[in-house]
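A.B. asks: One-letter residues, chain by chain:
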Amino acid sequence: MNSPVSSTTRARLEAHLRRRERWRWPEIAFWLAALAAIFAVPSRAGLINEILIAGLFALSLDLILGLAGIVSLGHAAFFGLGAYAEAILASKGYADPTLGLLVGALLAAALGLATAPLLLRGADLTRLMVTMGIALMLGELANRNAWITGGADGLEFTMKPVLGLFKIDFTGQRNAALYSLVVLFLLFAGARRLAQSPFGLSVTAIRENRLRAGALGISTSRRMIAIYALSAAYAGVAGALLAETTQIVSLDLFDFHRSADVMLMLIIGGAGYLYGGLIGAAIFIVLRDVISGATPEYWEFWIGALLVALVLVGRDRFADRAKRIVDLLTPRFARPRSAP
Amino acid sequence: MMLNRLSAGLAMVAFCAAAPAWAEDVVTVGLILPMTGQQASTGKQEQAGANLYIQMHGDAVAGKKIALIVKDDTGAPDVTKRLAQELITNDNAKALMGFGLTPLALAVAPVATEAKVPEIVTAAATAMITEKSPYIVRTSFTLPQAAVPMAEWCLKNNIHKVVTLVTDYGPGGDAEKWFSDVFAKGGGTIVEKIRVPLKNPDFAPFLQRVKDDAPEALFVFVPSGQGAALMKQFNERGLDKAGVRLIATGDVTDDDQLADIGDSALGVVTTHHYSAAHDSLENKAFVEAFEKANGGMRPNFMAVAAYDGMALLYQALEKTNGSTDGDALIGAMKGMSWMSPRGPVSIDPDTRDIVQTVYVRKVEKVGGQLYNVEFGSTPAVKDPYKASKN
Amino acid sequence: MLTILLDGIAYGMLLFVLACGLSVTLGLMNFINLAHGAFAMLGGYVTGLMMNRAGVPFLLTLPFAFVIPAVIGVALERTLYRRLYGASPLDQVLFTIGLVLMAMPIANYLLGDQPQQIHLPAWLSGRVEFHGVGIGVYRLFIIGVCGAIAAALQIFLVKTRFGARLRAAVDDARVASGLGVNVDFLFAITFAVGSGLAGLGGALAADVVGGIDPSFPLKFMVTFLIVVVVGGSNGILGALVGALLLGVLDVAGKYYVPSIGAFIIYFVMVATLILRPRGLFAKGDGK
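These protein sequences, in sequence, are chains A, B and C. Counting along the first sequence from 1, when you hit position 64 you're at 64 in this note's numbering, and nothing is skipped either side. Counting along the second sequence from 1, when you hit position 211 you're at 1211 in this note's numbering, and nothing is skipped either side. Counting along the third sequence from 1, when you hit position 265 you're at 2265 in this note's numbering, and nothing is skipped either side.
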């Protein structure tokens, strides 16, 4: 049977895809720099840890927003679920960190699977509301069941050392940051691989033109549900990580603030190329730390102003300028190049 | 900015290593409060209270200079914990103060224990907090401390049928439990225990239930900020005309809010540990200075707790002759007693919690403004929760 | 219990006035305006400040509570919002969230964080008994005023030419424009009225919800959005039905089963979305 694509085009396509798979040196530099930061500035290990976890959370949002085009204002539901799963597990005696991550991921994925069908129906506002509603409902549930979640007082617990060797509590701040970095890196590599796989590309196709993708024989709903569940799992791991390294959880993890903040981080960094969430998280958290130090009561105003400016200037234009630089250095996963 | 912090940190470390005498002359105190979010008014009052103490008593004590650093934790415990850690390791804080909510205080407890730094709780009011670390001392209050005298007052004043209505979170649960236990033990009947959600409370349906229950009194606990709504709805529903008395812990008639609530609050009886109308020389001086320094803002129990937190630290430093060793400071704080603007207070040496007088007050108009006027008191109330464990 | 039903209707009417602007904006301009709550807050503050600082009687402040947010709404619409009419939902969401995040600290800075209380005039306070059913005078007032507004809006939409043009533009803006309807002007007026109504709603709600404070927009944003989602975006009928349904269920739920009171509205939302994904009265249902 004749292939509709000529052999030269096909060869160029394959070469292009293979090129994108390779890790470019700026990416390697990025990760090495992150590692170095932990050792160079151990006094800020707590802040770095916060950035890494937020980065993972933002990455999970990128999987649905950047890759699949789903707007969610309630991603904190999975984040909080992962955190509470870890907390409850640990307080019952199963305080192994890696086990906690797994349980957090699975539970969050289960919730994602359960709620994904709701998202596929209805218009954008409906989707937004469903995501928000679920996060708020979970928060209310956690409040109600104070006998197991600690309610508004929060839940405190202790963690066993990672792999039995590395303590991650107050004295092990640096270890906590390293642990988060390792988890983030592994999950990031997985997401990167996924984005370039046929599955990832098909999800991007669905985002760009759902009708056409469906006509091509891609089962759109199944794939959307799958990516949503995966994104939920990632968010669940981020939440579990937060619980493990801070050893306390409380109801504010389900707050709208958390969902809005992570969305903001992703927008600042730029959605669609997976690094955006990490960069945005670093910028946002450092900025917030600085601004709130200067004006503890009114820093939200500046964040809001930043958001308004970003949107007005044009997220794309702003991000594009940044991305043009990044583009030269790293492969882009979601936005295809114009011509190979 | 990170670079600046880094070089500052390095410089400090260098100085500390090279000239220990100089570094030891400054005692850094970290004040971690929710300055934004739902609890922002707590942060505002507490910061003002702490600053007032320094303004009135100077920033030098026992040969050391006090440096106060204020941080906003936005009400998120993971942020509180990180800020506490950073204050201790980067800014060399020798004491931590503040903590607007229970989870915030709990989050810092393990940090305080490991670093052996006193954690002075000046806001959170759930009883079990001081048990979480041997370095926790409290200068605010506990809900049981306020709720129990209310129950006792009811029994003494011929009120036997009560409905309780509290907000559904930690302190609310405490208030409900301690009031109803003491009240029931004294022969009273609790007709119903109602819990109201913390966010978006429209009290109307809940108050309708109260009306249908027809008790002699309604015992209420809601966080300060919601007192106005509750009282308005109470009157609108006609509960006062139906013969239901409104009794509450003083959070409902918070001094900060009383002027805004308006005349619907007149006659409400509450129990609490501080009223801006408390008749003592110390309080008059405190209120006057506070209002002057804060544009006419009236101090409330949060401000006085922060003020006393600083007082406690100062006195402890004097007792240890300027030593900032955590164990020495805690040792000095235990058993310390002094005259606060609220009345006589002391720190229980066994529980490290505050022992204070709890007053029964009624809302009345004084000089054209609404105040909680004290008309009864129970002196030296220890926290009932921990006392019952003995 | 009839009292509870009436309470629920009053609450629902309030929600309607607050949310109908949002519903129309969404239906007409396809614009998700999460900053709607900020206009409500503004109206509430206008009334509060005029009463408390200038001693203006309550009723007299209400027109201002409508006009001032309307004017500011139009100003914002002409300058900022119109740039985003064609933008993606994400951009609209981000932009309007940014506006809210800016509005709240401004309110805090200018007016402090304590709730601004409204003290109702004596003739609006208290209760009336009617054949054994008690209802607060103010709640009756709310039902009356909001009902009148709903009726006026409906008459306006159905009986006037402007209303006809508006409905045409909602159905299909392009075609309407092609027929000579000044869609731009329509948008501006609609936005103004929507924001004005939000302001009025905020002023009316101030007494019921315990005062207006800087965090009002965020606290009630979810509630408005649920009304719009449940009611659907087809004009005001959807908003009215959605609001009444939610109001009654919320109040009744909290009365009869206080322990799950807070859940009810989320539950209703999810249930509606499962059964009717576009809301009860969705745009294009008739087609």
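It should be emphasised that the hints constitute simulated quantities derived from the structure, not laboratory data. Be a bit skeptical, because a hint or two may be false.
[Said to hold, decoys possible] Computed footprint of chain A on chain C, listed as stretches where at least three residues anywhere in the stretch have a Cβ under 8 angstroms from a Cβ of chain A: (1) 2086-2100; (2) 2225-2232; (3) 2244-2256.
[Unchecked claim] Below, simulated EDC-like cross-link-like pairs (lysine to aspartate or glutamate); rule was C-alpha separation at most 16 angstroms, straight line: (4) B:1241 x C:2129; (5) B:1386 x B:1181; (6) A:167 x B:1131; (7) B:1064 x B:1025; (8) B:1389 x B:1114; (9) B:1211 x C:2172.
For glycine and all other residues, C-beta sits at the position ideal for the given N, C-alpha and C.
A.B. asks: Taking the hints in turn, state whether each one holds.
C.D. replies: Against the structure, the hints:
1. 2086-2100: It holds, with 11 qualifying residues against the three required.
2. 2225-2232: holds (count 4)
3. 2244-2256: As far as the segment 2244-2256 of chain C goes, the hint is violated, because 0 residues have Cβ atoms under 8 angstroms from chain A.
4. B:1241 x C:2129: The hint holds at about 13 angstroms.
5. B:1386 x B:1181: With a Cα-Cα distance of about 15 angstroms, the restraint between residue 1386 of chain B and residue 1181 of chain B holds, given a limit of 16 angstroms.
6. A:167 x B:1131: Distance of about 24 angstroms is beyond 16 angstroms: violated.
7. B:1064 x B:1025: Since the Cα atoms of residue 1064 of chain B and residue 1025 of chain B sit roughly 5 angstroms apart, the hinted pair holds (cutoff 16 angstroms).
8. B:1389 x B:1114: Violated, because 26 angstroms separates the two Cα atoms, which is more than 16 angstroms.
9. B:1211 x C:2172: 52 angstroms, violated
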